[in-house]
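*Asks:* Below, each chain spelled out in residue letters.
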Amino acid sequence: MVEVLFASTVTLTAPLLLAALGGLTSERSGVMNIGLEGKLLVAAWATGFVGAASQNPLLGLLAGICLAVAMSLLHLLLTQTFRIDHIVSGMGINALSIGGTSFASKGLGDRSQSVAGVFFPVWMYWILAAAAVLALALALDRTRGGLRLLAVGHDPDKSRQSGVDVGAVRLRALLATGLLCGLGGALIVTNATSFTDGMTGGRGYIALAALILGGWRPLPTLVACSVFGFVMALQLQLQGSELAGAAVPSQLWGALPYLVTLVALVGFLGKSQPPAGLGRP
Amino acid sequence: MRHTLLFVVVAVMAALVGCSPQAESGGGAAVNGSAKTQQQTQIGIVFDTGGLGDKSFNDSAWRGMQRAEQEFGFKVLKVESKAESDYPSNLSALADQGCKVVVAVGINMRPALQQVAPQYPDVKFVSIDGEPIEGSPNVRTIQFKEEEGSFLVGYLAGLVTKTGKIGFVGGQELPLIHKFQYGYMAGAKTANPAVTILPAKYTGSWDNQDTAKVAANVLFGEGADIVYHAAGRAGLGVIAAAKEKGLFAIGVDSDQDDIAPGHVLTSMIKRVDEGVYLTLKDFSENKWTPGAVIYDLKADGVGTTDFRNTKEKIGDENVAKLEQVKAKLESGEIKPPTTEKAYGEFLSGAQK
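Protein chains in written order, with the working numbering: chain A, 3 to 283; chain B, 731 to 1082.
FYI, nobody ran anything at the bench for these hints, they're computed from the structure. Treat the hints with caution; some may be incorrect.
Claimed, not checked - With the C-beta cut set under 8 Å, the calculated list includes, among others, these residues of chain B facing chain A: (1) Ser822; (2) Lys931; (3) Gln939.
Idealized CB from N, CA, C, for every residue including glycine.
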């Protein structure tokens, strides 16, 4: 029972964590990113489709990452070059991804579904996710690149005046966002073994909530993602058991992870400080 | 301003990709035939949020449409729904485009149908699942006896289980899904009164495969060796879990036996395709009637697969037992429960 609970928690936490970290690099550079959901979805589709068509796990993963990076760069182009509102661009990317993957998964035949994809084992993604948390936690405060990222996100104008190439920093940050979301999407399709429409099921938004809850810092974000993953796993385990002699409706159990997230958000938001330059050109 | 415009164009395109009706070319001769003299009759289908490619409910309905398209030369329009709020506009969009029959897939489309159907008295609507809509002379409701098919697969699970424990994973907890759940439970208890049925798990959605997979793993972890799912597309996660663990899943709606050969014990087939096809056949022969049309085990509206991948594990003896129970269900000797209350009564009745 405990092993199952632990395994379930890791399974449900890992994709969330990868997406949240992707959001972290972007938002820490000052680029608001509500398009995590879309990036997860395109990566899941590309990994599933190419993984099945080529029967090569590496090609599948690379395709997923490339498409997520492309979406990330589209966001950069729209927000930095065309100065479109960050929220609007993020929404557009989500809409494009939902419609695009739905169309592509039918238009190109349901190859990603009828042929079983070949994927890397899930533990590889778990290790990568853990490594990404550590790397970000260390790099942000201790390396020149990390400090530049924080500076640009804090005050882009001052950074510019002190000679930092804001555009270049944000480009790198959004490449990292694409990479991390690409891994997250690939993990989602690997878990399920085949792509189905809208299979990310809103996880990009939960990841965003976890990022806010974690105060845009890697380790607290890890904690926030784990709490959500744990409560989700717990509710699936407890469903159907009685509480104080009365049957609890499954809908109530199902609401528990969101309830916990909501309470946590309300409770912590005051203390959670967004990057000061978030959304600024 | 220019950039805002650019964005609007992108967003509109994205939205269009998501929900524009895509005309399917008419079958065979109609496409090639240059002498296309008469106007084809247009029919339409609105999929629910599960959508095409669920290898389940929506795909099954689509097969029925395609068969009717080929046999009767209809022109078929299809629309997928991204959210439940799209149902009314999708239904009326098809009616506005001149469809003579509009098929609404799924029980959740019923409120939308109630709202839209009276506005188009000349269009015939077909609702799949759910109770008939009162006072709507242009709506036919196709109903299935899911509890009969579920009873059969439950009976099989009760015979085949080695650990003596079985489980069930549902999508959203609706009265419709209770028909699957309690039919299955009653079947298993009839086959083997000692069988333990673990508490049912509901994922709360039809599209989240991960959650369904975790739910199945919880059940397998508690000792179940067979898990039946009624979770639409999300249920593919249950099959994935069974494959990984080397245990059994039971598929639903469509024939899902080949998704993981040898790990899908059987599938509870709901012949949505047959229901849709026969309704369109009635329409083409001017025999269309409103109200409820029920497809049960006897009418092959529900049933099991032919166990082509799992015959050895099931054994001829068990297949023979299953045939006997099937006969009892068809004759009405066994009436499977559809609710928790009826299930309790069923069990206490069985003990007497």
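*Asks:* Could you run down the list of hints and mark each one as holding or not?
*Replies:* Checked hints:
Because the smallest distance between the Cβ of serine 822(B) and any Cβ of chain A comes to about 21 Å, over 8 Å, the interface hint for this residue is violated. The beta carbon of lysine 931(B) is positioned within 8 Å of a beta carbon in chain A (closest approach about 5 Å), and the interface hint is therefore held. Hint status for glutamine 939(B) relative to chain A: holds, with the closest Cβ pair at about 4 Å, below 8 Å.
In terms of the numbered hints stated before, the structure departs from hint 1 and from no other.
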